[in-house]
Each structure stands twice: as structure tokens, then as C-alpha cells.
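J.: Chain residues, written in single-letter form:
Number of protein chains: 2
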Amino acid sequence: MQTSFDCLPCFIRQAVDAARAFSADEALREKIVREVLGWASEMDFSRPPALIGGRIHRRLRELTGRTDPYREEKDLQNQMALRLLPRLEEEVAASADPVWTAARLAIAGNLIDLGVSGKFSEEDLLRDLHDALDGPFAGPREAFLKEVEGAERILYLADNAGEIVFDGLLIDRLSPERVTLAVRGTPVLNDATLTDAEAAGLAGRVETVENGSDLPGTLLEECSEEFRRRFARADLILAKGQGNFETLFGRDANVVFLFKAKCSVVARRAGVPLGTSVVTGTHW
Amino acid sequence: MQTSFDCLPCFIRQAVDAARAFSADEALREKIVREVLGWASEMDFSRPPALIGGRIHRRLRELTGRTDPYREEKDLQNQMALRLLPRLEEEVAASADPVWTAARLAIAGNLIDLGVSGKFSEEDLLRDLHDALDGPFAGPREAFLKEVEGAERILYLADNAGEIVFDGLLIDRLSPERVTLAVRGTPVLNDATLTDAEAAGLAGRVETVENGSDLPGTLLEECSEEFRRRFARADLILAKGQGNFETLFGRDANVVFLFKAKCSVVARRAGVPLGTSVVTGTHW
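Line by line, the protein sequences give chains A and B.
All you need for this note's numbering is the position in the first sequence, starting with 1, plus 13.
All you need for this note's numbering is the position in the second sequence, starting with 1, plus 13.
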């Protein structure tokens, strides 16, 4: 997906927020913010927005020596999701349509985002999850079920910490032996890494690999050769979240995207109203 | 007021919006957006945010040859405000506290902003005005009334088209012979110029001057010498809107600001919650 002019204010907002998360040093914050403005002024708009997001965090790691400032937040997100898991497992088990219910819950899990943290009670989150399930949705149930039934090698691209716990609901229903779960190779924002796949109890249950990249998305040329091989071998890619949509949309591969359209640029590209939960396939 | 990091995403948003308002030429839009990112990367954060806003519009006038792309929108805003005026005049006349009521209405008039346009009915706008009057407010009535009662030469700095019609309510109650109304010297955004003072029926009723500047605020060093003389001679400046607050806040002059805090940076600086209508004086 190309970068829209409308992504630019968002990059700058991300740079300011990330600078604040990484460092209390005002001069260092100013340095990174000025650098990002400079990059943006010369950027190639034909490239996906996640590239700048990743570059901001890469540079902040370099400037501050901090590798994972969101670790504590991610731990809280995983713990909160894990506390809810038994009740959601019951819901899936009781459902007449368990695979589809699990897929819908996995998308709804995307609402656990930075800033949600420990302030929410389990009840609050459960209510929000059900609100998300009742909210605007776009995606053909039958096409999705047909796609996952027919696939022998599914590569499942995780999105965020917390959310990855809910991905387990869907992976269990797809049968873990068909699935490889992929996480980011390096911490970036609250994106799920191997630590989160382990915290979610998934790393022992399904083959789990790192993608070798530090971008908040999946740009194949930035991923490891091993990951690219797996990507090419898979007959179905399930890609969670906006970052994976941004970077893989338009690529010639059998990808089904599952995400909540949280920004107007992505919503426009997906052809849905802002806030819609989306299931959409490259081959549909 | 200094520029905050939080102003930066907003500059870029302004640049994108302004580029779209000025030109349908995608290459020209890209040119200005890249330039603004470059300026921002090197800007002096000790200067007020309105400087970049003004520079964006100046450069767009230069690149496109268009001097006033918001003229039609401003005409609509004036016409809509004028249709409501008789009813608001009645409200002020019937009020037990007419000067203060007029001041509150003049601030509420700030809700007529770009994008409101002709889609709103008079009834909608009247309801929104009364909502604004009932909304969060911060400002000492007595200090304000004392200030305006004691002043002999009041310089009234207008903000936007449409809103300027409501300023007439307050100017009438202050007695027009004590007041000089100042408008921007050059069109910028939907800020009021001489055309709007005339459309509002004010230019013939109160002495009206241009400030000689093309900024969406009042930066004295950018204003004409004649305007600076008037500013120095006035014993009270009534400054409407955020742009005037940003540029005059902290200056050693007797200024009373009347505005709605529409952005978090200005709200923080004024010490009020976002969305609050504010009356605050430099000498209070």
C-alpha cells in the first residue's frame, strides 16, 4: 500500500509519541522529531507507511540503546488477555460456527492496544470485545471458511501483544499442525515477538518463527530468507492487523487479511467505513 | 506562545488540507507538503505555531497565484451568521447582563468554522450556539466587565469570518466610538479581512483597520507600523480566537483573550480542559 499525504501527520504523531516513550531527554526527543520530519520531506510515497514507523523505532533504539521500551505494557496486555481466555474458549466451544467465531474474536482482540494497559478490568475488556463483535463488519464468512478448509500450510502473521492470545483461539480451530505462527524479529511498538508467543502459550503448541524484520508489518524484502521461504511455501497466509495489510496488500500471494480499520487511509483502501472489522482476501 | 511537538502533526495536517483547498494539481500538492516538512524539520520551536500556518498559505498563494481560495466559504459563513443576528440581538437586549451575554455569544460564534458551510440550517446553528453557551467556560465575569468599563481606547482583534458578525454584538455594547476593529491584512484561511468586516456591516459602524499581516494571528513584528502604533496606544486589546492567543500570549500589553480552546496545546497553555470557552487577561 502506498503512503497517503494523510499518513504524514500520523508519522509525526508516532515520532513524538515514540520519542516520549523512549526517552525523557528533551534534546534527544527534538533530535528524532526533526530527523523524522526530514525523512518524511524526502520519502518515497510509493512505499508503505509501515516503513517510516519502523525507521522511527530503529533510530530511537540506536539513539537511546533501549531495545524494548514497551515490554512492560506488552506483558500487561498478554496477562489481561490470558485472564479472559477461558471464557472466550467456552464461547467458541459453545458456538454453532466455531471457526468463524474464533476468527471474529481474533480480530476483536486487536482492540487491546497501547494505552489500554492495566486500567481496564476484565469485565470492561469483555464488554468491549462483545461491542467489537457487534460493531461494523465486512467479510464473506463462506469464502473465509472455504479458504481455511482447503489450506494445507497456513502461515499466520501475528499483530500485537495481547491480541496474540486471541489468535490462539483461531489457530486451535484451524488445527495447529497445519499452522506456522510468525512474529516480528525485533521488538517494535507493541507488536508481538517470540516473547509474546511464549507468554500466550502458543510457542509450544504451534510452530513459531520470527520474521527477521523490525518493521510493524511484513515487508518481505526486509524479512529473513528463511521467513521468505516459508511465505512462498504456504498455500494460505492469514495476516492480522493494519501493519500487515499495509505492507502485503497488492502482493501476488494468497493472503487473507483480518483487521480492524483503525485509520481513514486504510479504511479507504479496504473500501469500508472507519472502525469496520474486515476479513478480505487477495484472491476474492 | 512556543511551538509544542504536539503542534507538528497539526502543521502537516494543515499543509495537506491547504494544499487540497488551493490546487487540484497532485504534483503541486506534493511540493508544498514536502516543503512544509522541511521547514518543520528546521523550525525554531520558540516561535508561535501561527508562523508556520501563515507561511504555508503564503507559499501556496505564490505557487498557485490564488489569493483567497476560502472566499466562497467565508461568504457562506457571514450570510449564515447574519441570518441569526436579529434573534441574537434580541437575546442580548433581553439579558440582565447584556455586555457579558454579548461577550459569551461572541466567543460561541467561533464555532462557525471551515467545513460548517451552508449544510447547517439556522436552527442547527442556533442550537449549537446555545450548546456552546452552556458548555465548559472559564473566565471571571467581574474582571472582564471592570476591564471593558475602564477602557477608553479598545482595539478589538477579530478572528474568523462568520464569527465577526457576532463580534458586532459585543462591539455595540462596548459603544463603537471607543473601539477600533482590526482584521487581517491579507486573506489566510477563513480569517476575517476587510471584506468580512464590510459584509458583517461593521466597517461603517466602527473604525476598522487592517493589521498589515498575512498570519492567522497577530505577530506585531509582521504587522504594519500603523497597526503597531494603534496597538501601543490602546489601553485594552480584546483578542478573539486561538491564533491571537498563540501570538500575543505572554506579551507585555493589556490583552483580554476571548476564545474557545480547540486544541490540546492551547488548552494546556491556558490551563483549561479541551473545548473550554475562555476569557483570560494578561493582567489578571
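These aren't lab readings, by the way, just hints derived from the structure by calculation.
Fair warning: there could be bad hints in the mix.
Note that identical chains are pooled: a pair holds if it fits in a single copy or bridges any two copies.
As the list claims (entries may be wrong) - Using 20 Å as the maximum straight-line C-alpha spacing, the simulated EDC-like pairs for lysine to aspartate or glutamate come out as follows:
hint, residue 1, residue 2
1, LYS44, ASP19
2, LYS159, GLU234
3, LYS44, GLU55
4, LYS275, GLU190
5, LYS275, ASP110
6, LYS275, ASP126
7, LYS159, GLU211
8, LYS44, ASP30
9, LYS159, ASP38
10, LYS159, GLU104
Computed from a predicted structure; not experimentally measured.
J.: Work down the list of hints and note, for each, if the structure agrees.
T.: Each hint, compared with the structure:
no. : hint               : in the structure
1   : LYS44 with ASP19   : between (23 Å within a copy, 15 Å between copies)
2   : LYS159 with GLU234 : neither (30 Å within a copy, 69 Å between copies)
3   : LYS44 with GLU55   : both (17 Å within a copy, 10 Å between copies)
4   : LYS275 with GLU190 : neither (32 Å within a copy, 54 Å between copies)
5   : LYS275 with ASP110 : neither (26 Å within a copy, 47 Å between copies)
6   : LYS275 with ASP126 : within (11 Å within a copy, 26 Å between copies)
7   : LYS159 with GLU211 : neither (30 Å within a copy, 68 Å between copies)
8   : LYS44 with ASP30   : within (14 Å within a copy, 27 Å between copies)
9   : LYS159 with ASP38  : neither (53 Å within a copy, 45 Å between copies)
10  : LYS159 with GLU104 : neither (22 Å within a copy, 66 Å between copies)
In summary, the numbered hints that this structure violates are 2, 4, 5, 7, 9, 10.
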